[in-house]
Amino acid sequence: MTFLKSLLIKLAIPLLSIFFGFFAGAIIMLVSGNNPITGYAALFDGVFGDIYYFGETLRMMTPLIFSGIAVAFAFRTGLLNIGVEGQLIVGWLASVAVGVMFDLPFVIHLPLALLAGAVAGGLWGFIPGILKARLHVHEVIVTIMMNYVALHVSNHFIRNYMLASGQRTEFIPATASLSSDFLRGLTDFSRLHWGFLLAIFACVVMWFLLWKTRKGYELRAVGYNPNASSYAGMNVKTNIVLSMVVSGGFAGLGGAMEGLGTYGYAQILSSFTNLGFDGIAVALLGASTSIGIFLSAFLFGGLKIGAANMQASANVAPELVEIVIALIIFFVASSYLIRWVLNRLQSNREGK
Amino acid sequence: MDYVIEMINIRKEFPGIVANDEVTLQVKKGEIHALLGENGAGKSTLMNVLFGLYQPEKGEIKVRGKTVQITDPNVANDLGIGMVHQHFMLIDKFTVTENIILGNEPKTKYGNIDIRKAEKEVARISELYGLRVDPKAKVEDISVGMQQRVEILKTLYRGAEILIFDEPTAVLTPQEIKELMEIMKKLLQEGKSIILITHKLKEILSVCDRCTVIRRGRGIGTVNVSETNQNELASMMVGREISFVVEKEDAKPEDVVLKIEDLVVNDLRNVRAIDGLNLEVKAGEVLGIAGVDGNGQTELVEAIVGLQKASSGTITISGNETTNLSPRKVTESGIGHIPQDRHKHGLVLDFSVGENILLQTYYQHPYTKNGVLYYPKMYEKAKRLIEEYDVRTPNERTLARALSGGNQQKAIIAREVDRSPNLLIAAQPTRGLDVGAIEFIHRKIIEERDKGRAILLISFELDEVRNLSDRIAVIYEGKIVAVVDPKTTTEQELGILMAGGKLEKEGEPI
Amino acid sequence: ACGQADEEEGQAGTPADTQDTTDEETGDDTDGEADAGDFNVKMVTDVGGVDDKSFNESAWEGLQQFGQDHGVEVDYIQSSDASDYAPNLNRLARDNTSLSFAIGFLMADDIYSVADQHQDKQFAIVDVVIEDEDGNTVPNIANITFAEHQGSFLVGVIAGLQTETNHVGFIGGVEGFLIKKFENGFKAGVKAVNPDAQISVQYAQDFNDASRGQSIANTLYSNGADVIYHAAGGTGNGLFTEAINRARNGENVWVIGVDKDQAEEGAWDGGNVTLSSMIKRVDQAVYQVSEMTMNGNFPGGEILEFGLDDEGVGIAPTTDNVTQESLDAVEEWKQKILNGEITVPQTDEEYEEYLASL
Amino acid sequence: MDIISTLNLIIPTAIFAATPLIFTALGGLFSERAGVVNIGLEGLMVIGAFSGIVFTLIFEGLGFGAASPWVALLVAMLIGAVFSLFHAVASITLRADQIVSGVALNFLAIGLSVFLVREFFGRGQTDYINARIFRESVPVLRDIPIIGNWFFSSIYPTSFVAFFLVFIVWYVVFKTPFGLRLRSVGEHPMAADTMGIKVNRMKYIAVMLSGALAGIGGAVYAITTSANFGGGTIAGQGFMSLAALIFGKWHPLGVLGAALFFGFAQSLSIAAQQIPALANVPQVYLLIAPYVLTILALAGFVGKAEGPKAIGKSYEKGSR
Ligand SMILES: Nc1ncnc2c1ncn2[C@@H]1O[C@H](COP(=O)(O)OP(=O)(O)OP(=O)(O)O)[C@@H](O)[C@H]1O
Ligand SMILES: Nc1ncnc2c1ncn2[C@@H]1O[C@H](COP(=O)(O)OP(=O)(O)OP(=O)(O)O)[C@@H](O)[C@H]1O
Ligand SMILES: [Mg+2]
Ligand SMILES: [Mg+2]
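Protein chains in written order, with our numbering: chain A, 2 to 353; chain B, 55 to 564; chain C, 17 to 374; chain D, 4 to 323.
Since the hints were made in silico from the structure, they are not lab data. Be a bit skeptical, because a hint or two may be false.
[Said to hold, decoys possible] Distance windows between CB atoms, simulated:
{"id": "1", "chain 1": "A", "residue 1": "L136", "chain 2": "D", "residue 2": "L88", "range": "33 to 43 Å"}
{"id": "2", "chain 1": "C", "residue 1": "T181", "chain 2": "D", "residue 2": "E122", "range": "38 to 48 Å"}
{"id": "3", "chain 1": "B", "residue 1": "G165", "chain 2": "C", "residue 2": "D336", "range": "47 to 57 Å"}
{"id": "4", "chain 1": "C", "residue 1": "Q133", "chain 2": "A", "residue 2": "G34", "range": "49 to 59 Å"}
All C-beta atoms in this analysis are idealised placements derived from N, C-alpha and C, irrespective of residue type, glycine included.
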C-alpha cells in the first residue's frame, strides 16, 4: 500500500512536470500568436506520425542515454561531471580512428572500436578524477576546461591526420559500423542503428553496477559520505578516480554511437555537440536512475526530432522546445511544490 | 506569580509526528529551570518554539506576564530571550567578534562594520561575566569550551535576560562543565533566568531549582529539585527504573592486544599531535583514556585504525605490527571501531540501516560473490543484528537518516561488535544519548570485556571513564602522562592530571 | 576546377547554360515535365538558420524570389543541429518535394544517403560536389559550387592596392578546404598587384567567437596590417568591432567582408570601415537551378560552378571606400581570369605554384 | 618582436577578454557566498547580452545616441536580476537542487532569448548596433611609460568599471554588515537565522545580484564585441566565469586574478601566432593553452578550492 503510494508520487512528479512544461509552452505559443494545438499536434506528429521519425527519435536518444548515464553515474558518487561533452568528443574520435585505421573482421573490429571510444572517454574522465582525488582540485572547473581541450585536440587530429573530404574523416568500414539494415528497414531508412540496443544494455549495466555489485556499493558510499567510507576501509581516492573513469567511459561510448552509428565518421566540430550538456538535463530529469534516464532521453530525443516538424508544419520556432525542456526540468527540480500539494490533498482526505 | 516565561499547552507538529503535545513550562525569574526528557522527547523543539524558530500549532506564550507572538528569533531577542543551541550555531570561518555581532553590527559613518568598537564591547561583556574569550580568534581555532562561551556572549551581547541552554555540557570536559556552572551562577546573580536542558541528572541536582520533565512530547510534570532525587527524575523521564552504576566484576586481564610504542603523529596542519606515546591494552580489560578534548585523542584513534600516518613509532595488534597499514588491513587484523562522530564517520546516512550494518563486511563472503553483492544474505544478517541489538527501526531497508541518534549508535555498535574484534575502540560511544540508550551501550561494552576483548574507551565524560574503565590513562599534549586505578583516584585528581599537573600523592603508574 | 567548362557570359537572372561536357544522359526525369501546379522547391538550412545574414539567408531570398516570379510553392526547414540534416532532407523527399536544396557542405554525406534512398527525387547541394565511392557524381543531385577563390582574388586586388602599410591580413573561421579557397584566392590577388605586401593569416578555429575574432584582429592590426579580409562568420563580428574602435581613434584600418555586402556591419557614426565585400550569390544559384529544373532541365549529376562569369561571385555593390584605381584594376583582373590568362589558386599547393609563376 | 611590444599587444587584449568574466564571476560570488550554486551564470549572460543589444537598438531608435549602450547596460542589469528570480524561486523557495535549477535556467535563457529575437526581428539574429562603447585612452596616464600602454592607452571604459567593481565587491562582502550577513548565510544558515537574519531573503538578494552582474557581463560582451545578438553570441563565457570564481577561491581579488589569467592565456594564444619565435608551434597547443594552463595552475599551486560551507543546500528552518 505505502509502496504503491510512493510509486504513485514518484510517477506523479515527472508526469505533472511534463504536463506543466507543455502547458507553459502552450501559453508562450498563444502569447506569441501561434496556435498551441496545431503546434503540439505537429510536434507529436513529428515523432509518432511516421515510423521514420520514430526511428530518428530512437536514434537521437541513443547518445543522450549514454551521456545521461555518464552524468548520473558520477552524480551518484558525489561528483559533478560537466565534462561529458569533451569525453564524448574524444570517444567519437577514438572509435572512428580505430574504425578507419584497422582492417579486421567484424567480431573484433566493432568491439575494438567501441572499446577505443570508451577508453578515450575514460581517459578524459581520469584526468579530473585523479586531480580531484590527489590534489583536491574542483572537478567542475577541470571538466569544463577538458571540454575545450577535447574539442580542439580532436579537431587538430582530424585536420592533420584523418581528413578525407571537407571537414570529415573517411567513412568507417562496415566491419566497424553499428548501422543496421534491419533497423533501418524497420524504420523506413531512419539512421537507427544497433547502438540503440547497446544504450538499453548500458542502462541495465549502470543499474547493475551501482546497485548490485561490490564496487557500486563502494562508489555510492563514497558519494554519500567519503568520511564514513574511508572509516569503513574503502579507498576513497581510488573510487573517485574509478567513478570518473567509468563515467567518462560511458560518455565516450556515447561518442562512439555517433561515430560508428549515426554518422560513420568523425568531423571537425566548429562548436560543441551539446550532447554532453544535454546529458546533464537527461540525468537530472531521470533522477539518475536507469529507467528514468531512458524515459527522459526519449522525451528529449522526441522533442528535438519533433521540433523540426513543428517548425515545418506549424511554423513555430524550434526554440520553443528548448523552453519547454527548461520548464520541465524546472518543475521536476521544484518537485517540492508538487509533493507539497499532493501531501495537502492527502492529509485533507485523511483528516475527514 | 512572577513567571518570566510561561509556555502554556504548546503543541507543535512535524509531518507525521507530534513533537510537543500540550506541554506547559513555567519559569520563575532568577531560577535555573531544568528541562529533562529522553532523546526525541521534544525538548529542543519546545525551546525552538520559545526562540521563534518554530511556530506552535496551539498554545500560548507569555513573557513577563504578557502574551506574545514570537514569530522569529528577532522577536525573541527583543524580548530578551537568548538561546545557546545544542549544536553550536557558530560560523567557523568568522572571528569570535564577528560571530557575536552578526545581525547587530556597530557601524562607522561610512557604513562599514566598526570592528574595533565591536571588539571592545565583546571584551567588556566577557570581562563582566567572567567569560574568557579571544575576540580576534577564528572560531575554528578555539576550543569547544571557548566556543560555548562565545555562544553565551552572543546572547548577552543582545541583552538577553532569559537564557536557554540546550545540552550545553554534552561537549564539555569536567573542568569546562565546572566553569560553566560557575558562569550560570554568576548570570543568576546578574538577574538573569536560565532554562537548562541536560541528560545528566547530577547536573540538575547540583545547580537547578526546578525541573520540568517531558516524555514523548507530553509534559509529565514539574518538580522542585530540592525535593527529588536521581531515581525519581529518571523514572519520570523514562517511565521505568534505571540503574546508574554499571554492574561489573573486576577485570581479568590477559595478553596484551594493543601495544603502542613511541608513536608520533602529525595532524592535518602538520603539527605534532601525538608526541611519543606509549600504551598497552590487554585482553579482558577496559582501558579508558581521560583527557581534555584536543590533546591528541582523535589522532591516536585515527593512527591506530590506519586513517592517519604515523611519522614514527610502532603499533602492534595481537602481535602483528599494523603501523601505517590501510584501514581495511587494520580492521581485518581484528579491530572494531565506534567512531566519535557517528554522522560524519560512522554511517552513510543515505544508505539503509542494513547497508550500514554491513559497511565493514559487505565485500566478504557470503555478501559478495565474484564482485556481485548478494543482498538477501546482507539483509538476513542485518535483520538478525537489528533484533539482537534492539535497533528501533521500521525495517532493515529504512534509511539510516531516519533513525534517532541512539538507534543509529546501536546500529554502529552492532556492526562493530558483531565482528568479534580482539580490540574494540569506543570513542565517545554515548555522546548525546539518553540514559536508556547509555545503559544499553555500557552493558554491551562490559559484556564484550568479559568475553575477553580488549576495549579502548575514549570519552570526555569523566563519569563514564571512571565507571567503565579498569585502568585510566590520562592523555595530555599527545602523551600518556599517567595510568591510574579508577577505584583509588578521585575526580579532582584526574582533573589535575588532565590539565597537565602532577599528583603529589601515590599516583604511581599501575 | 572542372566546372570551368562553361565559358559563356551569363546574364543575371537567366539560367546559365552549364552543360557539363562529361555528363551523359542519366535517365529521363519523369518529374521534369511537371507543370508549375505541383512543382515546389524547398530547402534545408544548415545550423546557421535561414536568417544567418549569410548564405542560408541568401539562398532563401533566391528561393522566395523564384516562388514569386513563377507562382511556385517554396519553403524551408531549419536544422538546429548537425544530426538534423538527414531527417530534414528526408522530410522533404517524403513530402514529394520536386527539388530539395541542401544549403551548405556540411550536409554532403546526408544528402548522399538520402538521395540514394530516394532515387526518384531531385536534390541540389550548395558548396560541395557529391561523389559516390567511385568518384562519379550522383545522377539525382545537382552540385552547386562557387568560385570563391576568384571573388577573393578580386578583393585581394583591392586590398593589395589600398594598403598603406603594405601589410594585409586574413582571418579564417575553421580551417578546411572551403575556407582555404578564400584564403588562397585572396593572397593571390594581393600578390598580383603588390608582390611585396606582407600577408598575415590566422584561423580562429571557430565560426562563432566574436571575442576571439576581435583579439585576432587586434593582433593583426597592431602588427601593422591595415586591411583584413575575413571568412569567419560570427567570429568576423569581432573584426568589425576592432576596426571601428581603431577607426574612431583615427587609425586608418579596413575590413573586407564576406558572402554578402557587409557595409552595414562596418558603419559607425564617423564613417564605415568596410572597404569592400566578397559576395557570393547563392540566391542567384538557387534561382537558376530551380528555374532549370522547373523547365525540365534538372542538372542532376552536374557540377555547376558559379564564378565571375555568371556573377556568382564578385565584389559588393557598395564601393564608397574603393578607389577608382582599384575598381579599374578589379575589372582588369576580372577579365584576365575570365579569359583564362591566369588561374586563381585554391589550395596551398596551387598557391605555391602560383607564387612561383609570378 | 621584443617582450615589451609583445606585452603591449597581449595585455590590453587580456583585459578586454577578462572584462565580461569579471562582471559575471563577481555576480556568481554573491550568489555562491550566500550558499546558492549558480551554474546558471551562462544563461544569465545570455539574457544580459540579449537585453543589452535589444535595448541599445531601442534606445538608438529613441534618439539616445551615444548614451544608448550605457542605458542598455543598466536595463540588462535589471533584466538579469529579474530573470535570476527563476533560479531563486526554484532553488530557495521550492528547494530545487541548485545545479538542476541552474541547468534549467541555461536552457530557458537561450530558448527564450532566441525565440524572442525571432518574434522581434523575424530572424535568428538581431540587427547590428551602431552606438557602441569604444575603447578610450586616459589623458596623462597613457603617457606613463609601459604601464600607460598596457592599461590606459586603449581600454574599454567597461574594463575600468569592472576593476572598480572588484574593489567595491570586496568592500561590501568583507567590510559591511551586509557582507557579514551574506557570508554567514552561506556558511551556516541556521546560525544566521538564530541571529535574526532573514536567510532566504538574503539568498534572494544574493541571487538577484548575481543576475544583475551576469546581465551586465553578458551585455558588455555583446555591446563591446559582437555588436549583435544571436544564439551563439554567448558560448561558454558563463562557464568560464564560474571557473574564474572557483579558481579565484570565491574572493573578489582572486576572481580578478583568475579572469585576467584566462584573458592573458587566450590573448597569448592568439598573439603567439604573430610572434616569430612561437609562430611554428602547432596551433592546437596555443588553442588549448588557456585551458591547460588553468588546470595546471589549479593542480600546481592553487590547490584545494574550498567554497562556502553550506553551498548547494537549501535552507529549511529547523532542519539539521
Ligand atoms: N525538523 C524536524 N522535522 C521533523 N520532525 C522533527 C524535527 N525536529 C524534531 N522533530 C521531531 O520532534 C521530536 C522532538 O525532537 P527534539 O529535537 O525536540 O527532541 P529532544 O528532546 O531535543 O531530543 P534530544 O535529547 O535528542 O536533543 C523528534 O522526535 C522528532 O521526531
Ligand atoms: N529534519 C527531520 N525530519 C524528519 N525527522 C527528523 C528530523 N530531525 C530529526 N528527526 C527525527 O527525530 C527523531 C529524533 O531525532 P533527534 O535528532 O532528536 O535524535 P537525537 O538522539 O537527538 O540525535 P542526535 O544524536 O543527532 O542529536 C528521529 O526519529 C528522527 O527521525
Ligand atoms: Mg535536543
Ligand atoms: Mg540530540
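Do the hints match the structure? See the list:
Evaluation of the 33 to 43 Å hint for A/L136 and D/L88 yields a pass: the beta carbon distance comes to about 37 Å. For the hinted restraint 38 to 48 Å between C/T181 and D/E122, the CB-CB distance of approximately 45 Å keeps it satisfied. Between B/G165 and C/D336 the beta carbons are some 56 Å apart, a value that agrees with the proposed interval 47 to 57 Å. In this structure, C/Q133 and A/G34 break the distance hint of 49 to 59 Å, their C-beta atoms being roughly 37 Å apart.
Of the numbered hints stated above, the single one contradicted by the structure is hint 4.
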